[in-house]
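The numbers in the numbering used here rise by one with no breaks, and the one at position 24 of the sequence shown is 26.
Keep in mind the hints are simulated off the structure, nothing from the lab.
One or more hints might be untrue.
[As the list claims (entries may be wrong)] Label pairs and their in silico Cβ distance ranges:
1) R241 to G48: 41 to 49 Å
2) V130 to S44: 34 to 42 Å
3) V130 to E86: 40 to 48 Å
4) A118 to T71: 20 to 28 Å
[What the hints assert, rightly or not] Once the Cα atoms are required to be at most 16 Å apart in a straight line, the calculated EDC-like pairs of lysine to aspartate or glutamate come out as:
5) K73 to E35
6) K73 to D47
7) K144 to D47
All C-beta atoms in this analysis are idealised placements derived from N, C-alpha and C, irrespective of residue type, glycine included.
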Amino acid sequence: MPHALRAVVVLPTYDEAGNIAAMLQRLLDSPAEPDVLVVDDSSPDGTGAIVRSVAAGLPEGRVRLLTRTVKDGLGAAYRAGFAEVLRTGDHDVVVQMDADGSHPVEVLPRMLDEVAAGADLVLGARYVPGGALDDAWPWYRKALSRGANTYARVLLRAPVADLTGGYKAWRADLLRSLDLRALTAAGYAFQIQTTLAALERGAVVREVPILFTERTAGTSKMSGAIITEAMGAVWRMRRHGPAGRPARR
Numbered sequence: 003m004p005h006a007l008r009a010v011v012v013l014p015t016y017d018e019a020g021n022i023a024a025m026l027q028r029l030l031d032s033p034a035e036p037d038v039l040v041v042d043d044s045s046p047d048g049t050g051a052i053v054r055s056v057a058a059g060l061p062e063g064r065v066r067l068l069t070r071t072v073k074d075g076l077g078a079a080y081r082a083g084f085a086e087v088l089r090t091g092d093h094d095v096v097v098q099m100d101a102d103g104s105h106p107v108e109v110l111p112r113m114l115d116e117v118a119a120g121a122d123l124v125l126g127a128r129y130v131p132g133g134a135l136d137d138a139w140p141w142y143r144k145a146l147s148r149g150a151n152t153y154a155r156v157l158l159r160a161p162v163a164d165l166t167g168g169y170k171a172w173r174a175d176l177l178r179s180l181d182l183r184a185l186t187a188a189g190y191a192f193q194i195q196t197t198l199a200a201l202e203r204g205a206v207v208r209e210v211p212i213l214f215t216e217r218t219a220g221t222s223k224m225s226g227a228i229i230t231e232a233m234g235a236v237w238r239m240r241r242h243g244p245a246g247r248p249a250r251r
């Protein structure tokens with residue numbers, strides 16, 4: 003690698019037993035050589051046991067498991083994972099990505115290169131030249147995804163092409179500077195909220211094109227309730243900023 007950044011990937015999971023072993027292997031085989039923290043919400047399908055089995059055959063710290071006893075949203079899982087990796091201070095870059103294989107691991111070295119070149123936050127972007135959604139997606143899912151992104155980006159006047167994506171590489175110092183306790187969106191609105199907070203701080207944000215693929219095992223966590231929550235959160239962020247509520251006086 004052309005840089006010496008030490009990265010950790012935070013993977014939130016719930017019922018990802020069909021995906022997690024392959025995902026961990028792809029990360030372990032990556033030239034980026036990241037450590038991995040799996041944040042599992044006590045999956046009943048044995049996801050945590052699979053992670054422990056993989057970790058047992060590796061050097062200490064290469065793959066770790068953080069088990070949460072509650073399932074209270076993607077945002078809460080990420081906050082717990084971020085707090086854990088920032089507590090140790092062992093990593094220069096904190097990467098967030100989905101555990102279902104939809105985010106391409108092969109793009110990770112390029113994202114780290116962008117951080118090494120001066121970016122504070124790098125987005126794996128679907129809606130930039132060279133980026134795309136999997137052809138396996140039906141047209142209405144593509145329309146919903148693109149429409150939701152456009153809705154959020156226009157309302158929030160965000161100068162990025164992919165505001166709703168969840169594949170991100172954070173400079174650890176930037177992530178540490180954010181008040182994550184104030185960024186309380188429970189679902190996918192957390193992705194919008196954190197990128198908006200970074201932009202508000204003047205962070206250097208760059209986008210790298212990715213092909214976002216369809217999962218091959220398990221079921222999607224997206225639901226109508228999550229979409230509704232995200233739409234409402236965007237309006238609150240437009241009015242009050244990333245935290246989505248009035249500042250305390």
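Discussion item. Just to be careful, I want the Cα atoms of K73 and E35 compared with a cutoff of 16 Å; is the pair within it?
Written reply: Distance of about 29 Å is beyond 16 Å: violated.
Practice prompt. Check the following: the C-beta atoms of R241 and G48 are separated by a distance inside 41 to 49 Å.
Written response: Check passed, 43 Å falls within 41 to 49 Å.
Item to complete: Evaluate the given range 20 to 28 Å for the C-beta pair formed by A118 and T71.
Response: violated (38 Å)
Worksheet entry | Given pair status - D47, K144, alpha carbons within 16 Å | violated (29 Å)
Worksheet entry | Range agreement (Cβ of S44 with Cβ of V130, hint 34 to 42 Å) | Between V130 and S44, where Cβ atoms are some 37 Å apart, the hint holds.
Worksheet item: CB of V130 to CB of E86, is that within 40 to 48 Å?
Response: Given about 31 Å between the Cβ atoms, the range is violated.
Discussion item. Hinted pair, alpha-carbon criterion (16 Å max): K73, D47. Please report holds or violated.
Written reply: Holds - the C-alpha atoms of D47 and K73 are around 14 Å apart, at most 16 Å.
Of the hints listed earlier, those the structure fails to meet are numbers 3, 4, 5, 7, in rising order.
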